[in-house]
Amino acid sequence: MKRRATGGSALTRARKLGFSFDGRNLQGLQGDTLASALLANGVRLVGRSFKYHRPRGVLTAGSEEPNALLEVLRDGVFHPNVRATVQELHMGLQARAQNCWPSVRRDVMAVNDLLAPFLGAGFYYKTFMWPRAFWEGLYEPLIRRAAGLGRLPQTPQDAPHERAFAFCDLLVIGAGPTGLMAALTAARAGADVIVCDEDRQFGGRLLSDTGQIDGIAGADWAAQVVTELHALPNVRLMARTSVVGAYDGGVYGALERVALHVTAPGHAPRECFWRITAQRTILAAGALERPIAHPGNDRPGVMLLSAVASYWHRWAIDPGRVVVFGNTDHALATARALAADGMNIRAYVDPRTDLGTDAPFALRAGAEVVATHGRHGLGAVTLRQKGRDIRIEADTLALAGGWNPSLHLACHMNGRPSWDTAIAAFVPRPGMVPGMDVAGAAAGRFSTHAALHDGARAAAESLAELGLTSPDLPLPLAEDAPYAIAPLWQVAAPGRAWLDFANDVTTKDVAQAAREGFASVEHMKRYTTQGMAPDQGKSSNMGALAVLADATGGTIPDTGTTTFRPPFVPVSIAALGAGGHGKSFAPERRITSDAQVRAMGAPMLEAGLWYRPSHFPQAGDRDWRDACNREVLHVRHAVGVCDVSTLGKIDVQGPNAARFLDFVYTNTMSSLRPGRVRYGLMLREDGHVMDDGTCARLGEQHFLITTTTAAAGEVMRHLDFVQQAFCADWRVRLGSVTEHWAQFAVAGPLADDLLARVLDVPPALPFMGCAGVTVGGVAARLFRISFSGERGYELAVPARFGAALFRGLLALAEGMGGGAYGLEALNVLRIEKGFVTHAEIDGRVTAFDLGMAGMVSAKKDCIGKAASQRPGLHGPERLQLVGLRPVAHGTEIAAGAHLYAPDAPATAPHGQGHTTSVAYSPTLERWLGLALLRDGRARHGSMMRLDDGLRGRQAAVEICNPVFFDPDGGRMRG
Amino acid sequence: MADLTATSPFAGARLPQRFAGCTLEALPPAQITAVAPYPGQLAALRQTLGAFPGPGAVIAAAGGRLVWAGRGLALAFDADMPQGSAEHAALSDQSDGWAGVSLRGTAAPMVLARLLPLDLRRLPPGSSARSLLGHLPALILRPEALAFELWIWRSMVGSAMHDLTGAMQAVGARQALAEPPTG
Chain A
1 MKRRATGGSA LTRARKLGFS FDGRNLQGLQ GDTLASALLA NGVRLVGRSF KYHRPRGVLT
61 AGSEEPNALL EVLRDGVFHP NVRATVQELH MGLQARAQNC WPSVRRDVMA VNDLLAPFLG
121 AGFYYKTFMW PRAFWEGLYE PLIRRAAGLG RLPQTPQDAP HERAFAFCDL LVIGAGPTGL
181 MAALTAARAG ADVIVCDEDR QFGGRLLSDT GQIDGIAGAD WAAQVVTELH ALPNVRLMAR
241 TSVVGAYDGG VYGALERVAL HVTAPGHAPR ECFWRITAQR TILAAGALER PIAHPGNDRP
301 GVMLLSAVAS YWHRWAIDPG RVVVFGNTDH ALATARALAA DGMNIRAYVD PRTDLGTDAP
361 FALRAGAEVV ATHGRHGLGA VTLRQKGRDI RIEADTLALA GGWNPSLHLA CHMNGRPSWD
421 TAIAAFVPRP GMVPGMDVAG AAAGRFSTHA ALHDGARAAA ESLAELGLTS PDLPLPLAED
481 APYAIAPLWQ VAAPGRAWLD FANDVTTKDV AQAAREGFAS VEHMKRYTTQ GMAPDQGKSS
541 NMGALAVLAD ATGGTIPDTG TTTFRPPFVP VSIAALGAGG HGKSFAPERR ITSDAQVRAM
601 GAPMLEAGLW YRPSHFPQAG DRDWRDACNR EVLHVRHAVG VCDVSTLGKI DVQGPNAARF
661 LDFVYTNTMS SLRPGRVRYG LMLREDGHVM DDGTCARLGE QHFLITTTTA AAGEVMRHLD
721 FVQQAFCADW RVRLGSVTEH WAQFAVAGPL ADDLLARVLD VPPALPFMGC AGVTVGGVAA
781 RLFRISFSGE RGYELAVPAR FGAALFRGLL ALAEGMGGGA YGLEALNVLR IEKGFVTHAE
841 IDGRVTAFDL GMAGMVSAKK DCIGKAASQR PGLHGPERLQ LVGLRPVAHG TEIAAGAHLY
901 APDAPATAPH GQGHTTSVAY SPTLERWLGL ALLRDGRARH GSMMRLDDGL RGRQAAVEIC
961 NPVFFDPDGG RMRG
Chain B
1 MADLTATSPF AGARLPQRFA GCTLEALPPA QITAVAPYPG QLAALRQTLG AFPGPGAVIA
61 AAGGRLVWAG RGLALAFDAD MPQGSAEHAA LSDQSDGWAG VSLRGTAAPM VLARLLPLDL
121 RRLPPGSSAR SLLGHLPALI LRPEALAFEL WIWRSMVGSA MHDLTGAMQA VGARQALAEP
181 PTG
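Chains A and B, in that order, give the protein sequences.
Numbers 1 to 974, taken from the working numbering, label the letters of the first sequence in order.
Numbers 1 to 183, taken from the working numbering, label the letters of the second sequence in order.
Any given hint could be a false lead.
Stretches of chain A that chain B covers, calculated by requiring three or more beta carbons in the stretch to come under 8 Å of a beta carbon on chain B [claimed, not checked]:
# : stretch
1 : 39-52
2 : 213-223
3 : 383-395
4 : 721-732
5 : 772-784
6 : 793-799
Which chain A residues stay away from chain B? Per the calculated CB distances, all over 12 Å, these [as the list claims (entries may be wrong)]:
#  : residue
7  : 31
8  : 360
9  : 479
10 : 519
11 : 963
No wet-lab data here; the hints were simulated from the structure.
Note that CB positions come from ideal geometry on N, CA and C, so glycine has one too.
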């Protein structure tokens with residue numbers, strides 16, 4: 001292998017690119033792929049095979065490559081399994097062989113190849129059975145170390161990747177003669193067209209052969225078409241883009257290699273995962289040439305004939321002395337064309353007997369290749385003709401076993417292709433993917449004329465579906481040679497013949513699978529692992545199927561195919577996950593006091609998507625609990641300020657608003673007077689508690705309800721559903737105003753004093769009252785409600801004033817011996833009062849369980865009421881809300897610990913309940929807990945054992961009323 | 001207590017941003033009223049307001065813009081809601097709940113294609129849509145072919161800036177790599 005002095009349509013000869021392979025500094029040219037650059041440097045051995053560590057070289061020139069999988073340095077780490085045939089060369093590219101040690105030429109694990117007789121299909125299943133104790137301890141680590149292709153980088157990958165959306169009338173997949181003709185036809189008709197091709201250049205096989213279209217070289221015709229398409233505003237040409245999956249609704253996934261060919265891509269995304277929505281699609285993905293299973297067919301130097309032609313024409317690679325082994329007229333024609341172009345073809349070998357006599361090379365009719373020779377690369381082949389073995393010195397053996405239409409995408413919605421005997425291949429059936437037409441070689445129509453004709457036809461049919469008129473476009477003239485194949489799936493000769501190069505599966509493995517009863521194609525696949533490598537068996541499925549059919553005595557169509565699944569080519573997780581990485585994983589919702597509380601050093605906790613301050617540390621604090629205790633005592637003894645804007649706020653308006661709220665809340669809201677607030681409970685349709693909150697009546701037909709922070713979306717969705725589904729004709733409308741209002745709790749004995757200095761005219765509000773107020777002239781809302789058990793208010797202003805109001809409230813509170821309090825203190829305050837959150841409302845509890853059965857009004861119906869009265873949802877068997885106190889004051893307890901009778905073992909059958917929330921109460925100077933306990937309300941005063949299996953702690957606890965502090969509520973009502 | 005000063009939802013955001021032939025800048029705050037007509041009241045509301053937008057429409061009415069914003073919902077931007085409107089529709093002030101940015105320039109559609117799963121051919125100039133901008137619920141207006149207004153929730157401005165500037169940066173970096181297609 002070497003570079004020819006001239007030629008190479010893909011190359012820019014003036015621009016030389018330095019790169020390295022396994023530490024060797026080499027030189028390539030602009031336009032090279034890594035594979036072509038290696039071949040140009042005479043490197044044929046590029047890696048070791050998966051199982052037997054056999055020397056392997058480049059087999060193909062496309063994305064289906066099973067052999068040339070290398071590690072390539074990108075963004076500071078080596079990425080495994082990069083196909084050298086797809087990776088474009090760039091200055092400074094560093095690559096190394098994988099699956100070998102210490103080097104690709106001297107690989108220790110090549111010993112596996114000597115053990116091959118023992119390592120056939122099923123070896124692992126049969127060998128690593130006994131003794132059972134060795135499974136996990138010995139066998140699995142051993143097998144795992146030896147298994148796998150390439151090594152994953154061990155550090156997180158932060159290089160930018162992106163996702164994007166695109167829409168079109170017509171998606172053309174593949175830009176060979178079929179795709180270009182289809183795109184041109186549709187583009188001239190004015191359709192919005194997207195053309196995707198895996199290659200850097202458009203043209204498909206026209207770039208790799210010498211055929212003419214309309215009297216000019218096919219490649220020149222392609223260039224002309226591309227120039228026209230590029231100039232049209234309704235066409236988007238997407239090079240380096242593999243369409244990888246077909247999904248419902250005309251949606252296709254596509255992977256674009258944006259910057260993998262660039263030395264320093266900077267901010268450019270390395271890859272982009274596209275979601276393309278197309279009204280119509282033409283699959284013009286061409287066909288993949290198949291190898292022939294003959295002994296020694298995996299030696300470096302054995303390539304597909306189409307690849308030899310591609311490397312010759314596009315990258316000026318001289319393959320040296322070539323033997324072509326084919327079985328179609330197309331293969332012979334290609335060999336003739338290459339020889340005419342100067343390639344040194346020594347022989348053409350074909351099992352067919354009638355090849356004619358006129359050729360510039362030896363025609364070996366009725367012959368087959370039965371062996372190859374050479375250690376790290378091909379030196380000679382042996383062919384057998386009329387029972388006589390003939391050895392021919394050769395550097396390259398070009399295999400041409402026929403063509404498989406690239407119908408993968410057409411099968412992604414589980415359609416099964418049909419068998420076409422004339423071309424000995426599967427072809428797609430119409431309508432396998434709605435809206436998709438398959439044309440050209442992908443449909444089994446192989447000549448250039450057939451491709452052009454079929455592309456034009458498919459475009460015309462799509463245009464008709466789109467309601468557009470086909471342009472009057474004459475069909476260009478091109479060859480229409482017959483294909484003529486005599487199927488040859490395996491050569492009957494001693495020695496191992498590879499089917500799946502990537503997973504090291506031979507014809508013997510497939511035959512053995514059949515012998516051992518794995519005769520269905522899906523079983524054979526799993527038993528041998530054929531087709532399960534990164535190439536998904538693109539070069540091997542057909543051959544394996546044929547060998548299996550032969551072994552089972554069936555036909556190929558009866559044997560059937562395995563399932564074609566996305567992705568068509570490997571897609572990196574980074575590309576799949578683009579748009580959901582780092583800060584893009586989920587939105588961050590920030591309160592208006594965010595900058596201030598962060599400046600105060602508060603660690604932030606996530607609540608739903610919101611970030612809320614946990615506590616406010618001060619110098620001298622030993623830990624967060626010091627801060628939390630201080631904040632609790634501020635509220636109990638002075639005044640505390642807390643940002644509660646994250647609670648959901650839903651505006652409910654209309655003449656039927658009260659009726660609607662009666663329907664969704666367990667208790668009655670219609671009797672609420674304007675200017676008053678009521679605590680409310682909402683049930684799910686199944687009778688369990690959904691959420692709790694407050695309901696304020698701002699006017700006769702205007703209510704404002706609050707939800708818990710994390711359940712705001714769920715409640716809004718629920719209310720919308722109820723309104724639309726059950727009472728669509730009621731005059732009531734819901735609107736989320738969560739974001740409009742910044743709301744702050746002001747709680748503590750000095751809350752009134754503080755508010756007197758904030759409000760322009762402080763109102764005299766009763767407990768559970770609300771009123772419109774002004775703050776410095778700004779209209780605001782004041783609610784006298786309390787989640788702390790202290791005299792408390794919540795003051796709401798439009799969000800733009802939130803930051804200023806928080807600063808003002810905080811300064812005043814601090815001046816009065818109080819301060820800000822965070823989520824931790826808020827939690828302690830509510831546990832002291834026995835108020836519930838979603839720690840208690842865990843989706844399994846009923847109003848009865850919470851001791852709130854009285855809140856389910858007997859006078860009216862509500863969502864969930866009937867279901868809540870089902871047997872089993874009330875009574876002594878239920879887990880009921882209780883308080884608990886450790887008997888020994890200083891004993892720390894934890895949420896999640898389980899409750900048992902004092903003498904019962906800590907096993908599930910003896911479980912009586914569990915703690916939901918715990919806190920150290922600085923007010924009562926002891927640990928407190930809330931728990932759900934079987935028949936809990938009847939067990940106040942009894943002793944239980946709390947067992948925290950996770951932390952290995954036990955405590956004797958007393959069951960009590962869940963309201964620990966100020967049980968008559970005098971502090972908040974007074 | 002001193003008078004309350006207003007804080008922009010974009011406080012701390014580095015705006016405007018210019019990348020890749022497009023500009024991202026904050027829109028001035030607007031008086032926004034959510035208008036949700038009661039069942040059977042659409043005709044009466046139309047009469048009171050002069051007009052009410054159908055799906056995807058943006059119309060001039062009541063001295064401002066009425067923007068379709070979802071099922072049975074319009075947002076009135078800087079409009080003076082006439083007397084009697086509240087009899088036919090629920091009205092809520094949502095002015096401070098929304099933050100708007102303008103994205104304009106030749107690359108604006110390409111930037112949006114990174115975040116918005118919408119076919120912009122179906123969002124002609126002068127129309128509105130509700131969708132997701134990345135992961136953020138958004139109201140999208142297209143006043144001109146290459147000018148978009150993106151209204152998102154105030155609390156999510158930081159995430160929106162992160163996603164939008166990231167998309168702009170990526171589009172800009174792509175443009176630097178661009179090469180004409182070859183056949």
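Go through the numbered hints given earlier and state which of them the structure violates, listing their numbers in rising order.
Violated: hints 1, 3 and 7.
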